[in-house]
Amino acid sequence: MIIKGKVHKLGNDINTDDIISAKYLVSTDAKELGRHCLESIMPDFVNKVAPGDIIVAGKNFGCGSSREHAPLAIKGCGISAVIAPSFAAIFFRNAINIGLPFIEMEGVDKINDGDILEVDLASGRISNLTQRTTYQTQVFPEFLQGIVEEGGLINYVKHKKGLSPQTLTGQPPSKL
Amino acid sequence: MSYTIAEKILLAHTDPACRQAGKKTIRPGEFIEVKVDLALGNDITAPLAISEFKKAGFKTVFDRKRIVLVPDHFAPAKDLKSANNCKMLADFAKEQKIENYFEVGCMGIEHALLPEKGLVLPGDLVIGADSHTCTYGALGSYSTGVGSTDLARAFIDGRFWLKVPGSLKFVYKGKLKKWVGGKDLILYTIGKIGVDGALYKAMEFCGPVIKKLSMDDRFSMSNMAIEAGARAGIIAPDEITFGYIRQTPSSKFLTPNRKSKLKKLQSDSDAQYEKIYEWDISDLEPQVACPHLPSNVKPVSALKDVKIDQIVIGSCTNGRLSDLRNAAKILKGKKIKSGLKLIVIPATQKIYLECVKEGLAEIFVKAGGIFSTPTCGPCLGGHVGILAEGEVALATTNRNFIGRMGSPKSFVYLSNPAVAAASAITGRITHPGELS
Chain A
1 MIIKGKVHKL
11 GNDINTDDII
21 SAKYLVSTDA
31 KELGRHCLES
41 IMPDFVNKVA
51 PGDIIVAGKN
61 FGCGSSREHA
71 PLAIKGCGIS
81 AVIAPSFAAI
91 FFRNAINIGL
101 PFIEMEGVDK
111 INDGDILEVD
121 LASGRISNLT
131 QRTTYQTQVF
141 PEFLQGIVEE
151 GGLINYVKHK
161 KGLSPQTLTG
171 QPPSKL
Chain B
1 MSYTIAEKIL
11 LAHTDPACRQ
21 AGKKTIRPGE
31 FIEVKVDLAL
41 GNDITAPLAI
51 SEFKKAGFKT
61 VFDRKRIVLV
71 PDHFAPAKDL
81 KSANNCKMLA
91 DFAKEQKIEN
101 YFEVGCMGIE
111 HALLPEKGLV
121 LPGDLVIGAD
131 SHTCTYGALG
141 SYSTGVGSTD
151 LARAFIDGRF
161 WLKVPGSLKF
171 VYKGKLKKWV
181 GGKDLILYTI
191 GKIGVDGALY
201 KAMEFCGPVI
211 KKLSMDDRFS
221 MSNMAIEAGA
231 RAGIIAPDEI
241 TFGYIRQTPS
251 SKFLTPNRKS
261 KLKKLQSDSD
271 AQYEKIYEWD
281 ISDLEPQVAC
291 PHLPSNVKPV
301 SALKDVKIDQ
311 IVIGSCTNGR
321 LSDLRNAAKI
331 LKGKKIKSGL
341 KLIVIPATQK
351 IYLECVKEGL
361 AEIFVKAGGI
371 FSTPTCGPCL
381 GGHVGILAEG
391 EVALATTNRN
401 FIGRMGSPKS
411 FVYLSNPAVA
421 AASAITGRIT
431 HPGELS
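Line order of the protein sequences matches chains A and B. Read in order, the letters of the first sequence correspond to residues 1 to 176 in the numbering used here. Read in order, the letters of the second sequence correspond to residues 1 to 436 in the numbering used here.
If you are wondering where the hints come from, they were derived from the structure by calculation, not from laboratory data. It cannot be assumed that every hint is accurate.
Said to hold, decoys possible - Simulated DEER-style distance windows between Cβ atoms:
#, chain 1, residue 1, chain 2, residue 2, range
1, B, S214, A, G58, 37 to 43 Å
2, B, K334, A, D109, 51 to 57 Å
3, A, M42, B, L435, 41 to 47 Å
4, A, D44, B, A12, 28 to 34 Å
5, B, G57, A, G114, 41 to 47 Å
6, B, K263, A, H159, 39 to 45 Å
Unchecked claim - Below are the DSS-like pairs computed for lysine-lysine, each with C-alpha atoms no more than 30 Å apart in a straight line:
#, chain 1, residue 1, chain 2, residue 2
7, A, K23, B, K409
8, B, K78, A, K31
9, B, K192, A, K31
10, B, K23, A, K160
11, A, K160, B, K163
12, B, K65, A, K160
13, A, K158, B, K259
14, B, K65, A, K31
15, B, K54, B, K65
16, A, K158, B, K24
17, B, K65, A, K158
18, A, K23, B, K307
19, B, K178, B, K341
20, A, K110, B, K94
21, A, K158, B, K409
22, A, K31, B, K59
23, B, K97, A, K158
24, B, K23, A, K158
25, B, K59, A, K158
26, A, K158, B, K54
27, A, K160, B, K8
28, A, K160, B, K275
The C-beta atom is built at its ideal place from N, Cα and C for all residues, glycine as well.
Construct all of the structure, not just a fragment, from the sequences and the given hints.
Here's what the structure looks like:
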């Protein structure tokens, strides 16, 4: 999967309260949540995002609460991927589980706000079209790729062998 | 192989299918699937999990006795949308015959409620769609915060995927001063290592100070492991743990046989840690985290000039009985500073009732504070005390991010309940010792 978009730079320790304030947690709709993404710290953010854009942030992105509304809000406002040196653990698994692409990359300082990036998730290669340079990052371990390839955790579980037939009653729809 | 306590619990819960395939050991960094003993959701995270569970076509949860649902964040329902979300939990619990659903009137803040009800025991593996699920590490369990999709998956097959975390050991030596407790130890720790100092690690708290620490103080410590980025914050079970469990409905499970097994639930002497921190805390004074990160920690004496508009005493970190007793000791017979708001929230109905019986509720009200029904409420800027632009709060809660308690232009400081109570009297950040 190739993702291409403009970079929005953010700082270190961007937390889930920054990403989506608790007052919006009464909704679970990604589009609705997306309208308020990063509102507390950057009121203009969502107006600047075009579909496909990419967040490049500092360390420990997504720290704080377990709210899955945070990756949903990021997806809902049109962001296609997040790149950061490290991700908080719960945000990491939420992003995997709902299929928000993200990449761990050291040296994000080299990337500037407004740069155009082309990200190849399968190979972990990031091309900076603005600066005419490339960065090689680690690809996901096989286990996580398995979840991503199934289109998220629930599909992965449905298709996995050994799932008890007692729990799976009724005909599930083909895709989430 | 030698293991830490976190690794021992994870190994014991590794999916039997993995074991049959020859998986008899684990190592940090490996991905494994585990069976969960308990899966928890609240009124913010469970609605999303329930929708995903249903959308995927599943009809029946894997084990109705291993699921706990607690409406506590925006409950009693603060508005119509919250009411609908709370009702979704109630309906799902009824439909699936989930016994451990706690309606308003029975409910409390989940991380105080589950231990109180005896739902978590040492050695258990618990997931909760709430980041502060790590609280139960104080009981010697591996408990960790997850997302809604993880919870939906646990509804389906009672399983959970994870990367085995490396372990960090924290040894506390010396003797705690008066007015210093678990909250100060954990704030000090986060101040030292930073908000990602334990990123993706299991923290293990031990040493002579922990051995003497009460369960309430231990819960405060484990509760905030997530604020250092940790997956778990574990304290090995001992007589203090067993004494606590004996007070819960699960005391019957603590047979001599089980107890002797649980006593062995300790890290091996040659277990591998990525890092060992050792601190003498004899000189430690009460700690305060300043805006806008829990790692921005200073000793209380350095913040004497900070004026406060609102004090919140409660939450899954510090809403337990001993927390409220500590606060009441200071507020007894006193009045809070004129113009200041004091909000006291016991974490569960049991604690609430005890506060009424012991006269603590009366102390808070006579001092000029409010005494609320259990709720997470203001901690996450939900209700019962939202901050206006420019307002400054001192809270016994766990996070002080920008806008956490209301306006993005408000400020939150974090402390223990005694400091919060003393500051309510003076209207500025105050060491409790200053008042006596």
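Which numbered hints fail: Failing hints, ascending: 4, 9, 13, 14, 20, 21 and 28.
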